[in-house]
Amino acid sequence: MTLRHYLFATAAVSALALPAQAQNILDWGANRDIGSLDPYSFGDSFTINVLNHVYEGLVRYDRDLTIEPALATSWEILDDQVTWRFTLREGVTFHNGNAFTAEDVQASLTRVSHETSPLKGNLPAYVSSEVVDDYTIDITLNGTYPLLLNDLTNIHIFDRDWLVENNAELPTDIGAGVEGYATYNANGTGPFFVESRQPEAQTVFTVNPDWWDEPQHNLDGFVLRPVTSPATRVAALLSGEIDFTNDAPVQDLPRLAAAPTVNVLEGVDLRTVMIGFPFRETLASGAPNPFADRAVREAMYKAIDLNLIHERIMRGKSRVAGAVVAPPIPGYSEDLDTIPEYDLDGAKALLEEAGVSEGLSFEFNCLSDGLVNEEQFCQAIASMWSRLGLAPQLDVAPRAVQSPKRTGGQTDVYTLGWATLPMLDSYSPLIQIFHSKEGNSGVFNWGDWSYPELDALVQAAGQELDLETRLQLQNDAMRIIKDEHIMIPLHQQPMAWAVTTSVSEMPLFPDNKPRLWFARMGSDG
Amino acid sequence: MIAFLLKRTANAAFVMLAVAFLAFLIFRSFGDPVEMMVNEQATQAERAELRERLGLNDGFLTQYIRFVTNAVQGDFGISYRNQQDVMVLIAERLPATFELVLVATVISLVVGIPLGVFTAVHRNSRLADALQLTSIVGVSLPSFVVGILLILAFSVTLGWLPAFGRGETVDIGWWSTGLLTPSGRAALVLPAISLATFQITLVMRLVRAEMLETLRTDYVKFARARGVPRARVHWIHALRNCLMPVITLTGMQIGNLIAFALVTETVFQWPGMGLLFIQAVTFVDIPVMAAYLMLVSFIFVVLNTIVDVTYAWVDPRLRDDTAAAGGANG
Numbered sequence: 001m002t003l004r005h006y007l008f009a010t011a012a013v014s015a016l017a018l019p020a021q022a023q024n025i026l027d028w029g030a031n032r033d034i035g036s037l038d039p040y041s042f043g044d045s046f047t048i049n050v051l052n053h054v055y056e057g058l059v060r061y062d063r064d065l066t067i068e069p070a071l072a073t074s075w076e077i078l079d080d081q082v083t084w085r086f087t088l089r090e091g092v093t094f095h096n097g098n099a100f101t102a103e104d105v106q107a108s109l110t111r112v113s114h115e116t117s118p119l120k121g122n123l124p125a126y127v128s129s130e131v132v133d134d135y136t137i138d139i140t141l142n143g144t145y146p147l148l149l150n151d152l153t154n155i156h157i158f159d160r161d162w163l164v165e166n167n168a169e170l171p172t173d174i175g176a177g178v179e180g181y182a183t184y185n186a187n188g189t190g191p192f193f194v195e196s197r198q199p200e201a202q203t204v205f206t207v208n209p210d211w212w213d214e215p216q217h218n219l220d221g222f223v224l225r226p227v228t229s230p231a232t233r234v235a236a237l238l239s240g241e242i243d244f245t246n247d248a249p250v251q252d253l254p255r256l257a258a259a260p261t262v263n264v265l266e267g268v269d270l271r272t273v274m275i276g277f278p279f280r281e282t283l284a285s286g287a288p289n290p291f292a293d294r295a296v297r298e299a300m301y302k303a304i305d306l307n308l309i310h311e312r313i314m315r316g317k318s319r320v321a322g323a324v325v326a327p328p329i330p331g332y333s334e335d336l337d338t339i340p341e342y343d344l345d346g347a348k349a350l351l352e353e354a355g356v357s358e359g360l361s362f363e364f365n366c367l368s369d370g371l372v373n374e375e376q377f378c379q380a381i382a383s384m385w386s387r388l389g390l391a392p393q394l395d396v397a398p399r400a401v402q403s404p405k406r407t408g409g410q411t412d413v414y415t416l417g418w419a420t421l422p423m424l425d426s427y428s429p430l431i432q433i434f435h436s437k438e439g440n441s442g443v444f445n446w447g448d449w450s451y452p453e454l455d456a457l458v459q460a461a462g463q464e465l466d467l468e469t470r471l472q473l474q475n476d477a478m479r480i481i482k483d484e485h486i487m488i489p490l491h492q493q494p495m496a497w498a499v500t501t502s503v504s505e506m507p508l509f510p511d512n513k514p515r516l517w518f519a520r521m522g523s524d525g
Numbered sequence: 001m002i003a004f005l006l007k008r009t010a011n012a013a014f015v016m017l018a019v020a021f022l023a024f025l026i027f028r029s030f031g032d033p034v035e036m037m038v039n040e041q042a043t044q045a046e047r048a049e050l051r052e053r054l055g056l057n058d059g060f061l062t063q064y065i066r067f068v069t070n071a072v073q074g075d076f077g078i079s080y081r082n083q084q085d086v087m088v089l090i091a092e093r094l095p096a097t098f099e100l101v102l103v104a105t106v107i108s109l110v111v112g113i114p115l116g117v118f119t120a121v122h123r124n125s126r127l128a129d130a131l132q133l134t135s136i137v138g139v140s141l142p143s144f145v146v147g148i149l150l151i152l153a154f155s156v157t158l159g160w161l162p163a164f165g166r167g168e169t170v171d172i173g174w175w176s177t178g179l180l181t182p183s184g185r186a187a188l189v190l191p192a193i194s195l196a197t198f199q200i201t202l203v204m205r206l207v208r209a210e211m212l213e214t215l216r217t218d219y220v221k222f223a224r225a226r227g228v229p230r231a232r233v234h235w236i237h238a239l240r241n242c243l244m245p246v247i248t249l250t251g252m253q254i255g256n257l258i259a260f261a262l263v264t265e266t267v268f269q270w271p272g273m274g275l276l277f278i279q280a281v282t283f284v285d286i287p288v289m290a291a292y293l294m295l296v297s298f299i300f301v302v303l304n305t306i307v308d309v310t311y312a313w314v315d316p317r318l319r320d321d322t323a324a325a326g327g328a329n330g
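Chains as they are written, first to last, in my numbering: chain A, 1 to 525; chain B, 1 to 330.
Hint data in this document are derived by calculation from the structure and do not stem from the laboratory.
Among the hints, a few may not be true.
Said to hold, decoys possible - Derived EDC-like pairs (lysine to aspartate or glutamate); straight-line CA-CA distance at most 16 Å: (1) A:Lys-317 / A:Glu-334; (2) A:Lys-405 / B:Asp-58; (3) A:Lys-437 / B:Asp-32.
As the list claims (entries may be wrong) - Among the chain A residues that face chain B by a calculated CB cut under 8 Å, a handful are: (4) Pro-118; (5) Glu-165; (6) Ala-168; (7) Thr-172; (8) Ala-201; (9) Val-227; (10) Ala-400; (11) Val-401; (12) Ser-403; (13) Val-443.
Remember, predicted model here, so these are calculated numbers, not experimental data.
Ideal Cβ positions, reconstructed from N, Cα and C, are used throughout, including at glycine.
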């Protein structure tokens, strides 16, 4: 083929693309593809986030991330305190035309809480449900539990008849090697339906004209196109092949911002980056563990120059944090969000007092594919601790390699980023990270600490239906964390999206989830 | 001949078994797939249970034997990440990689052969020297750098060609092709050139070396003496005699190109097998990794076996070497 032919070919393509432009089709260049069209396939926040355009929950988050009615219009807690009655929205239809009723909710809850469902942990309190009538359903929990609505924002509702017809009432079971119909097909109630999908290439979403809600967006559809390589993603944005990316590489931000056709949207993520310590008898090396001593943890905290990390490594784009949750999260309070002075001499004195020997060697476990600039800030912290006279052994590797070491207690000091997803409440880190490791609690308590007083507060909060009282209990629990330095909060990490000038509105959400039902294109927006 | 064939096939099967064995040894250091599969709120018990259901707690040999037993029956399991049948996943991606490799091969021949002839014929000219030098740059530049440079030039600056993806595809049976649509062809250009860069140099240098040999032979001199036009001597009489090794090399290189395509596919988001493999690695998707490695080693083994068998067919000495060796020892 000659060059002229190619020119002609591309001219033909752009001619074809022109009506599409006029039709407001948004090309979304993501850093990865969704794993499946089934939101219950595994607990992957991004897949659930994208599929939220197709499937909806009983409740949802609005522009300010507060919970508002979606498929349910109202709810109340019955007298037994453990049963919630939901009144459902009438006149909602699925993309295949079936009407939405209480049976669909029941089938979905049964599917998501099935024992082989990888997502059952997202609905921890669920016991059973009962259909009262077509538009009323009772959900019974295993106790009084205040955060059901938060959990339900991420439980997408399927059409029961569709599941039954396609033999997909149960979630896919990878262990049994069975594929599922819902992996390839989708049928929700959401603002968009899935037109076609080619894995790793593109998934086409088209606007649902029969959506029950008044659309705030003006899209006729969007195309999710994974572009894994950051350099290619930037190039595609500059050439206008994609209109939007939810992962603009930090190192390319100045270049993108300088481009006349691109707007960069920067913000601070909800994700709080923390450092955790082991509380076990011995270190991974077998040596005695000094970190169970509060004074040692305080010394390590004081020896970290948080502002230097903020300025140099995070390029001034992070938010230095003193609390374990970010300001928009319920339960956050300003008086817990204080940081200590950087004080190397004070830290040295504390260590000496605690009897920690010079040159104490321990493992410092970081991810190479985890948080923003994680390798760099881990190196910086390791050298700050070296200045303190310790000998941290930095161990950086991908998540898949580090996770077993972390959960198995085979490492010492580690990093952890927590965004309180999917709950968006300070109860999330308290029960998942800071509670003692027992039963369903303390799954991320990798240091094996146990503070009975804190556990009691968290458990009380987990059963407290009054918001004010509950947040006070959670606040008290977080004060213990702060006073004891169980974990050291470093910062909330920066996040950056980028859009071309063809996109006139794209609200940036601190949970880093794009919600294209708020997006607008063209000049009419 | 039959004994020879049987021996080659047995060799091939042994190589495949060894590849699977090594692959499984390596997978153990890749990490724990369960950590990537469960959601943030899953409990330790749930994780342990999933690990048990996937058979990850079994011993290394048990897992290996189970894999081989299933693989022999054509069952590679379902992907941890996509939850689809692995063979279906690979069959979906195969056409993309195959078309890319095919077009890259064609480009490497169409560009490499004339350049090789030219540099051989005009071996003392400045242009030939410049081409030789450029070709060294071609081999030395890593293919992702070539890819990014091409994208910057032709997508961002000139806006002629798409930076990523495969464009529109047309399904013919289970085969999806991008060759039949304008956007599909446009999308193929940059990745194919980027993949072909190394190959072009290889072909060019091989043709040049062969041509230099051939140009010294008597029949070329006689042809010249007879007054056959220079161009005809070079491009028809001499070139023909150089093509045999080029064809062999091209055939053998297809396996390499499929392996190299991994990098190109990542840069251009080309939805082929290489991209699938890279994603499987980050997700510790063992069934996909295992199947991909088996497939690539299968392609290598088949290509090598075909070459061996063809050589043996052409040259009886190779076929009889066992008999001859046996005779010498006995």
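Each hint tested on the structure:
Taking the CA atoms of A:Lys-317 and A:Glu-334, the gap is near 20 Å; set against the 16 Å cutoff, the hint is violated. Taking the CA atoms of A:Lys-405 and B:Asp-58, the gap is about 19 Å. The hint is violated against a cut of 16 Å. The suggested pairing of A:Lys-437 with B:Asp-32 is violated, with an alpha-carbon distance near 21 Å, which exceeds 16 Å. Hint status for A:Pro-118: holds, given a least beta-carbon distance of 6 Å to chain B, under 8 Å.
Interface restraint check: A:Glu-165 against chain B, minimum CB-CB distance 20 Å, threshold 8 Å, status violated. Annotation: interface hint on A:Ala-168 violated; nearest CB of chain B at approximately 12 Å, more than 8 Å. Against a cut-off of 8 Å between C-beta atoms, the interface hint on A:Thr-172 holds, since the closest Cβ of chain B lies about 5 Å away. The beta carbon of A:Ala-201 comes within 4 Å of a beta carbon in chain B, closer than 8 Å, and the hint placing it at the interface holds.
Interface restraint check for A:Val-227: the shortest CB-CB distance to chain B comes to about 5 Å, inside 8 Å, so the restraint holds. A distance limit of 8 Å between C-beta atoms decides the matter here; for A:Ala-400 the minimum to chain B is near 3 Å, and the interface restraint holds. Against a cut-off of 8 Å between C-beta atoms, the interface hint on A:Val-401 holds, since the closest Cβ of chain B lies about 4 Å away. Hint on A:Ser-403 holds. Least Cβ distance to chain B is approximately 4 Å, under the 8 Å limit.
Residue-level restraint check for A:Val-443 holds (minimum Cβ-Cβ distance to chain B is 6 Å; threshold 8 Å).
Of the hints listed earlier, those the structure fails to meet are numbers 1, 2, 3, 5 and 6, in rising order.
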